[in-house]
Amino acid sequence: MYICSDVNRFSMKNSQLYKGSLTTIVMKLLEENGRMYGYEITQKVKEITKGELKITEGALYPALHKLEAEGVLEVEIENVDNRLRKYYKLTEKGTSETINRLAELEEFIKNMQSIVNPKLT
Amino acid sequence: MKLNKNQIQFIDGYLQRNDVIYVDIRAEMIDHIATAVEEKMKVEDIDFHEAFVSYVNSNRKEIFSMNKKTWQSTLSELKNYFRFFLKPKSLFAVILIITLFFIFRETMVYAYLKEDLWFCFLLIFLSYSVLSMIYFYGIKKKRYYFIERTNIVLSILYWINLFLFKPFEKEEYVSDVLVIVFMCLFVVYVLYALNQMNKFFNSKLIIK
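Here the protein sequences line up with chains D and R, keeping their order. Numbering of the first sequence is given in the working numbering, commencing with residue 1 and proceeding in unit increments. Numbering of the second sequence is given in the working numbering, commencing with residue 1001 and proceeding in unit increments.
Please keep in mind that the hints were generated in silico from the structure rather than gathered at the bench. Just so it is clear, CB atoms sit at the ideal spot from N, CA and C, and this is done for glycine as well. Where hints are given, some of them may not hold.
[Stated by the list, open to error] Every beta carbon over 12 Å from chain D, so not counted as near; a handful from chain R, in silico:
hint	residue
1	Ile-1011
2	Tyr-1135
3	Tyr-1189
[As the list claims (entries may be wrong)] Restraint-style ranges between C-beta atoms, simulated for each label pair:
hint	chain 1	residue 1	chain 2	residue 2	range
4	R	Ile-1124	D	Asn-79	50 to 60 Å
5	D	Gly-51	R	Ile-1098	51 to 61 Å
6	D	Asn-79	R	Lys-1141	47 to 57 Å
7	R	Glu-1115	D	Lys-93	21 to 31 Å
8	D	Lys-28	R	Ser-1155	12 to 22 Å
9	R	Gln-1016	D	Gly-51	25 to 35 Å
Sequences are here, hints too, so could you generate the full structure?
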């Protein structure tokens, strides 16, 4: 289980809904915050969702490395508190990709809403 | 409360003892663990060792999954390599190779090159492997995943070279198309590897 909702911790099926959105979540956070490091991203997601959503290290770092390799993210390395810290930020390509992915996600949520709760639409 | 150098070295040593061999992967893991431990020390008002043991015990599986290499890492490296073909310098190299082929195809230079192509490549592969081993194992005494993952493509090219040009069955005809395709794959790999090296040496990941 890569990314899981604490409320649905025992249901593997529900985590699949979040799994596909991990990179979009990361990109959205970087769009809002400029640059962030791994631990900061996990804590930010926890904070925003009030602990409901927990991104695990085993899912986050491979996703960050993949986005970096694709040219969506770039890295800045700094010496912070006696250790190296790797900051991730969106590239130009990443910024436009974020807009597309968010639009896609919004569309997905809208469609899901129409199926799950047709009265609300 | 921020961790001091000895405490950071303690985390580094712990990861090394647990087979996290690559310096660049370890650097990111150290920062992650150190930040989490610092927060634990602050929130729970405990000392470094207590916070470290507690954090590692409850997050061990997740921490070490950061060091896991899967077939997806290999696939992603191959994808990056093929994506590099679309860069202007790669396209230029491909056009140059094809042009040089048409200029020299009737000459003895090309005939000799074609005959001993497998050996030339083998020599380049072996020289590169030996030199990088001397540098990273002997001089630096450190291994970097960022560098070693580019070798995945090199190993594939090495085996293609041996199988494609069949050095022990020289009488067999070697197609010109195969020679050109392999030359392009190889030259673009060299450009790709240089690009990755350049990125690596310009980053702060190289720890002196």
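We went through each hint and held it up to the structure:
The claim that R/Ile-1011 is not at the interface with chain D is violated, since a C-beta of that chain comes within 12 Å of its own (minimum 9 Å). R/Tyr-1135, annotated as away from the interface, keeps every beta carbon of chain D farther than 12 Å; the closest lies near 21 Å. Chain D leaves R/Tyr-1189 outside its interface by the beta-carbon criterion, the shortest separation being 16 Å against a cut-off of 12 Å. R/Ile-1124 and D/Asn-79 have their C-beta atoms about 37 Å apart, which leaves the hinted 50 to 60 Å range violated.
At roughly 59 Å, the beta carbons of D/Gly-51 and R/Ile-1098 sit within the given window of 51 to 61 Å. Distance hint check: the CB atoms of D/Asn-79 and R/Lys-1141 are about 21 Å apart, inconsistent with the given range 47 to 57 Å. Checking the proposed 21 to 31 Å range against R/Glu-1115 and D/Lys-93 shows it is violated: the Cβ atoms sit about 45 Å from each other. For D/Lys-28 and R/Ser-1155, the hinted distance range of 12 to 22 Å is not satisfied, since their beta carbons lie about 38 Å from each other.
In this structure, R/Gln-1016 and D/Gly-51 meet the distance hint of 25 to 35 Å, their C-beta atoms being roughly 33 Å apart.
Going down the numbered hints, you'll see the structure goes against 1, 4, 6, 7, 8, while the others check out.
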